[in-house]
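**Student:** Residue-level listing of the chains:
Number of protein chains: 2
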Amino acid sequence: MDVTGLLEKAEQEVAEKGRKAQAASRQLAVLRSAVKDRALLAMADALLARQEEILEANRKDYEEAAAAGRTGALLDRLKLTPERIAGMARGLRNVAALPDPVGEGVSRTVRPNGLVIEEVRVPLGVVGIIYEARPNVTADAAGLCLKAGNAVILRGGHEALRSNMAIVRALHAGLEAAGVVREAVQLLEFPGRESAQALMRAREYVDVLIPRGGAGLIQTVVREARVPVIETGVGNCHTFVDATADLQMALNIVINAKCQRPSVCNAMETLLVHKDVAATFLPQVAEALRERGVELRGCPRTQALVPDVKPATEEDWYAEYLDLILAVKVVDSLEEAIAHINRYGSRHSEAIVTNDYTAAQRFLDEVDAACVYVNASTRFSDGEQFGLGAEIGISTQKLHARGPMGLRELTTVKFRVYGNGQVRES
Amino acid sequence: MDVTGLLEKAEQEVAEKGRKAQAASRQLAVLRSAVKDRALLAMADALLARQEEILEANRKDYEEAAAAGRTGALLDRLKLTPERIAGMARGLRNVAALPDPVGEGVSRTVRPNGLVIEEVRVPLGVVGIIYEARPNVTADAAGLCLKAGNAVILRGGHEALRSNMAIVRALHAGLEAAGVVREAVQLLEFPGRESAQALMRAREYVDVLIPRGGAGLIQTVVREARVPVIETGVGNCHTFVDATADLQMALNIVINAKCQRPSVCNAMETLLVHKDVAATFLPQVAEALRERGVELRGCPRTQALVPDVKPATEEDWYAEYLDLILAVKVVDSLEEAIAHINRYGSRHSEAIVTNDYTAAQRFLDEVDAACVYVNASTRFSDGEQFGLGAEIGISTQKLHARGPMGLRELTTVKFRVYGNGQVRES
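Residue numbers (this note's numbering), protein chains in the order written: chain W, 116 to 541; chain P, 116 to 541.
Among the hints, a few may not be true.
Stated by the list, open to error - Calculated cross-link-like contacts (lysine to any residue; reagent style SDA-like; alpha-carbon spacing at most 20 angstroms): (1) LYS135/W <-> GLU481/P; (2) LYS135/P <-> VAL296/P; (3) LYS135/W <-> VAL296/P; (4) LYS135/P <-> HIS455/W; (5) LYS124/W <-> PRO306/W; (6) LYS135/P <-> GLU481/W; (7) LYS175/W <-> GLY307/W; (8) LYS135/W <-> TYR459/P; (9) LYS135/P <-> ALA454/W; (10) LYS175/P <-> ASN251/P; (11) LYS135/W <-> ARG458/P; (12) LYS390/W <-> HIS455/W; (13) LYS135/P <-> PRO306/W; (14) LYS135/W <-> ASN457/P.
What the hints assert, rightly or not - FRET-style restraints, in silico, Cβ to Cβ: (15) GLU429/P <-> ASN535/W: 49 to 59 angstroms; (16) GLU451/P <-> VAL379/W: 49 to 59 angstroms; (17) THR359/P <-> GLU171/W: 51 to 61 angstroms; (18) VAL379/P <-> ASN535/W: 21 to 31 angstroms; (19) THR359/P <-> ALA330/W: 52 to 62 angstroms; (20) SER222/P <-> ARG297/W: 46 to 56 angstroms; (21) GLU499/W <-> THR186/P: 53 to 63 angstroms; (22) GLY202/P <-> GLU540/W: 11 to 21 angstroms; (23) THR359/P <-> ALA212/W: 40 to 50 angstroms; (24) GLU123/P <-> ALA212/W: 51 to 61 angstroms; (25) GLU131/W <-> GLU451/P: 16 to 26 angstroms; (26) GLU131/W <-> GLU168/P: 57 to 67 angstroms.
Since the hints were derived computationally from the structure, they do not count as laboratory data. Keep in mind it's a predicted model, so treat the numbers as computed, not measured. Positions of the beta carbon are idealized from the N, C-alpha and C atoms, including for glycine.
So here's chain W without its partners, still in its complex pose:
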């Protein structure tokens, strides 16, 4: 088939599933919490009951990907085990236990003419999720969308298609056991990239698109989508060690932010150090980081204070390494630190270590990012850690949601207006 034919086929699937999702979303919007929670628990049970089928499908996906020479990181994320399936089931149970955001009142006002205006949370409608070959996202995203009353259309990486299909069969069994329409959760099965393209253009059916994955995937979605997108995840995070920092605290925070889990978006990628403490702090932190296998890339002043540091290039200041690499820069002032972060950062999570009240407040006020920290590790930027219970992603854009997104961010509002004959005079 030629490219046009493939796109048409992908569009057909999106249109068909989009129509069904829209119809399902109308039912889901008025579903009671008790029913949604029952479905979530039944979905968890079904995942465990069908574990063998899911593992078998995953084995085929894994073998095919390995044979095609895919890399270690992809294979690691693709691989399912009984423990990982148990984790997916636990995730669904946790979501069932969270409060339902739908119906929550945002405001209620009585206007002078007697109109009562209620602003109330309602589901978004149909949510599209585009993600990579991580089958656990299939269950996680489906659970969160369902709890918030949305229908979801999933488009996972093609390497995980068999796994995703087996997982969705289990989720459907759970939905049906609870009497919930199975089109609440649908998976795009057309294997080509045309499938993602068609979903990104389906304004008629999809209310919001959330890409989950690496920088490449997210940039593609942001560039190509016609559907409103919530941009997630890219994190070029900084820690600024100020002149008045408690240096032992700074050392702990820097080690944690860089080393505790370097492959995630809230890990630190650049360390900024105030010139007044650079001579004391840098040799110390360099030794501690090198013991943990971290490669340092520094500005000239860093290179002068620490032996054998590679020079940092302009690209390093922009880099999201997701690895045991750290860019290091000595700055003259708080202002220079803030300006550096606002120039090179990705507006995700930024921290200052200081004991100066004014510096702390200025950093919180003037750094333009979703999450700004004083005296803590950027690794806390996470729905779980923020107390949201679960997370659909971390938004780095400013529209709709910013920072860790939980169930509330999967809703919108509706104005319900109660009158008794009011008409407008002017």
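Position chain P against the provided structure of chain W, taking the given hints into account.
**Tutor:** Structure of chain P alone, referenced to chain W:
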């Protein structure tokens, strides 16, 4: 110059003004309310002080547009008068009197590890507004964006360019008198449509784009923009007169929703009538509407009950007439009314007239629209009428904002996290 050359020139202007806007936005984000309000009042004063200059510029715009054979509606909206300039000044003063949304706390939580997480309203950053030849939008949008701490880049219809330039000169004088950076408000002066195209693609500089205007403009922006967009304004609004409606109340509401100001997005475009009251209500309402010059287009059952009604086509059910035309349909049930609205409506404002408790609640629950009404005119969907004080538009999308948008909708949030050395364990 060829098309590529024009686009490049437009892109240059957007890049240059975008950089300045971004720099200005950092200052505006931390500006005190008192300073912003002083600037708004000075901007109002400057509009009045420079009235002659503005009127003179507008006269040239008007003559050129008239000579080019532009239509009555465009000319009417383009035309400035001393009264209209006074109205713009009054608008700015009203915005100064509104509470500042910036800094408002959304939530504060203390996590088990002692981290304090504050969710706080902050400005969006740089807002782009694309609008038609309505010079009053220049002052209105600038005032609202400034109050919410945002820098704004304005791109108005080219027919109003001289007027807009004169207005922005006055606004700059006001900003400067209050000691606020003049790049808080910038106007794109490149006259071609390439200017709007460049602004729509300026992801690097613009955080949010809000189109204000007719369906054509909004569809173009939604289709072409790479910057996140808030879709506003298209209104195919319905009123459903239920079997239990107080028919006198229904008559008042229908007349108001259709006739009080037919050219606006919250005016009614389709009337749905329950079959049980159609024979009584339709002849009555048809007479009242025809007295007011309304043309009716009806379904076959409507045609059978009211003489001389043109047949409504499929296009009529989708139409936003913005004129004294009304589509009319008799429906068998509440369910049919809801299904019709969810199929053909534009998710703006929808009303039911009823005295049936269950019907009212089902309509409010099941109709998918920004504003849903019981026993009131859809004409109330408006920032002023909802008590927001002022309005930047009415969102018909679900992301970020839905329904009338005031100052709060021109902000986003930021998580400010206070620690004392916390690092993440798992």
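**Student:** Are THR359/P and ALA330/W spaced within 52 to 62 angstroms by their CB atoms?
**Tutor:** holds (57 angstroms)
**Student:** Quick one, are LYS390/W and HIS455/W close enough, alpha carbons at most 20 angstroms?
**Tutor:** Distance of about 15 angstroms is within 20 angstroms: holds.
**Student:** CA of LYS135/P to CA of HIS455/W, is that 20 angstroms or under?
**Tutor:** holds (17 angstroms)
**Student:** Using the beta carbons of GLU123/P and ALA212/W, state whether their distance is inside 51 to 61 angstroms or not.
**Tutor:** holds (56 angstroms)
**Student:** Need the status of pair LYS124/W, PRO306/W: alpha-carbon distance at most 20 angstroms?
**Tutor:** holds (11 angstroms)
**Student:** Hint check: LYS175/P vs ASN251/P, CA-CA at most 20 angstroms. Holds or violated?
**Tutor:** holds (16 angstroms)
**Student:** Check whether the Cα positions of LYS135/P and PRO306/W lie no farther apart than 20 angstroms.
**Tutor:** Roughly 45 angstroms separates the two Cα atoms, so the pair is violated.
**Student:** Check the hint pairing LYS135/W with VAL296/P against an upper bound of 20 angstroms on the C-alpha distance.
**Tutor:** violated (52 angstroms)
**Student:** Within 40 to 50 angstroms: is that where the Cβ-Cβ distance between THR359/P and ALA212/W falls?
**Tutor:** With a Cβ separation near 42 angstroms, THR359/P and ALA212/W satisfy 40 to 50 angstroms, so the hint holds.
**Student:** Is LYS135/P within 20 angstroms of ALA454/W, Cα to Cα?
**Tutor:** holds (15 angstroms)
**Student:** Could you see if the CB distance from GLU429/P to ASN535/W stays within 49 to 59 angstroms?
**Tutor:** violated (35 angstroms)
**Student:** Are LYS135/W and ASN457/P close enough, with their CA atoms no more than 20 angstroms apart?
**Tutor:** holds (14 angstroms)
The structure shown violates the earlier hints numbered 3, 13, 15 and 20.
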